[in-house]
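Asker: Now for the letters of each chain:
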Amino acid sequence: MVRPRASLHLVLLLIGGIVALGAALCIGEVPVRVADLIGILRGHHDSLSGTVVLQLRLPRALAAFACGGLLAMAGALMQMLLRNPLADPYVLGVSGGAALGALTAMLLGAVSVAVEASAFGGALIVMLLVFGLAHGDGSWTRTRLLLVGVVIASGCMAGISLLLTLAPEQQLPGMLFWLMGDISNAQHPGTALTVLLLAVIVTQVLARDFNLLARGEALAQSLGVATKSLRVIVFLLSSLLTAVAVSLVGSVGFIGLLVPHLVRMWLGNDHRVLLPAVALAGGVLLLAADTAARSVLAPTQLPVGILTALIGVPVFLFLLGRHSRGEGA
Amino acid sequence: MSLCAQALKVTIGKTVVANELHLQLLPGDCLAVLGRNGVGKTTLLSVLAGLRSPDAGCITLHGRDLSDWPPRELARQRAWLPQMLDDAFPASVLETVLVGRHPWLSRFTSEGEADIAIAYSALAEAGLSDYAQRNVQMLSGGERQRVAIASMLTQAAKLLLLDEPLTHLDPGRQIATLKTVATLASNGGTVVMVLHDLNLALRHCNRFLLLLGDGQYVLTDANGMHDTALVERLWGHAVRRLDDDGRPHFIAV
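First to last, the protein sequences are chains Z and P.
Numbering (our numbering) for the first sequence: 1 to 329.
Numbering (our numbering) for the second sequence: 1 to 253.
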């Protein structure tokens, strides 16, 4: 029914992604013309600009795209699971938990996979804590959930500060980026891109069940959805997506809040369309934000988390105001 | 369609909703569940829907225990209208009503022309033909309730369990809804509904389950409901009986 129109929008988003990627590869201290870019990507590259594009900008751009998609999808999934449009990995402290896990692993001398596993563990623990505590009265009321999330998030921040204080000086720069979200160190986007692609495929299979779960657990159950196992899947998946993104780019905030909200206004809340659209739109947004963050005050590179927070904070407050007035309660 | 409860015990916390409840419902039956606030009508209904396990006893549908039914197959047989609906996210009325087709669609199929036709006829039945593209979050309470009823009709189940289906509906819509439901019952369906309006229940239902608290219950037919003392016991309130066209009406005084 809505399928042809929806796939058109997805194609539009895909084109947006290609444009954002092209811009990210061209813009910077060493400007590259579009004609040259095509040559470089075909393999004809002269020394400098070829190296800059292929070894610096391309991995960074892909990492930004993947993480934007991951965080946006994690946000959409959490919102569906909690039936709360204000849920987001950053707001609920899940990003903070992942960062805390990753930093602990780094401080103990772990590298690569161990750091990511620890980030996943941190994300999972925080999600359990937030969901468990907020669920105490039997229902996930909006304020309770957000309050618990904010408190846990600030607890994670304190933990991160403690680790930074204890950390040996040579490890500090590498650890600091977790605090603000910074893509400049991300050189290996392969895992994140793979996870994003798999998540889009897996969620496509379950998307109609998600539509029902978003309308209420008992209703979904009465319509034949195995809600208990589905909730566990969504819970693990959104933790995994957050952890992968955070272990690559640190705690970039508000993507998971902003993107699903905007896409929902545009395309509606059918998860068959919403989730792939959110993945693409999140990628485009974080990629564009990162390109802006490294070129606005060039040669100074801003951490992209600052930029997303600058956009995200007012939008979050606007949404909160709208919801407390009872709209869509 | 036959739903059969045997030696059913249902409790919530310390409240005993029903004890040793025996109930058999056949095609054509329309059962009203009546009782005061907090007596456990909703809980009993969700137990009968298989959404909650009883404390003791068993419920069978077509001779098969409810807990043995695969959820999807069960959802093709019985529909459940929940009492409270809140929409966390915006959605069109048509999308919301199409949700009822879920148990009939395989995992990788989308709603097709036939499903949409079913949804539109359910919308027409609920008097919502012009509402298909409206946002459910912007509807009034009564309109939202009618969307829920249309959604339940779209599910095309033979056993319907309705928790206060008349909430927020105006009198005309209350009658229209009860007529829709009664028609489904007379076409071989089975209906169980929680109602507060005893007089409407008397007009449209043929069986009555009165929950009287502490697990006590009375299961009776329309004639059994002509007993003023029983209604007083049900409501815990003085009752006046008025007869109109040989039909009793009960009013709380």
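Simulated from the structure, these hints should not be mistaken for laboratory data.
Note that the coordinates shown come from a computational prediction; the quantities given were computed from them, not determined experimentally.
Any given hint could be a false lead.
Stated by the list, open to error - List of simulated lysine-lysine pairs, BS3-like, C-alpha gap at most 27 Å:
(1) Z/Lys228 with P/Lys158
(2) P/Lys9 with Z/Lys228
(3) P/Lys179 with P/Lys158
(4) P/Lys158 with P/Lys9
(5) P/Lys179 with Z/Lys228
Asker: Any of the earlier hints contradicted here, and which numbers?
Answerer: Violated hint: only 5; rest satisfied.
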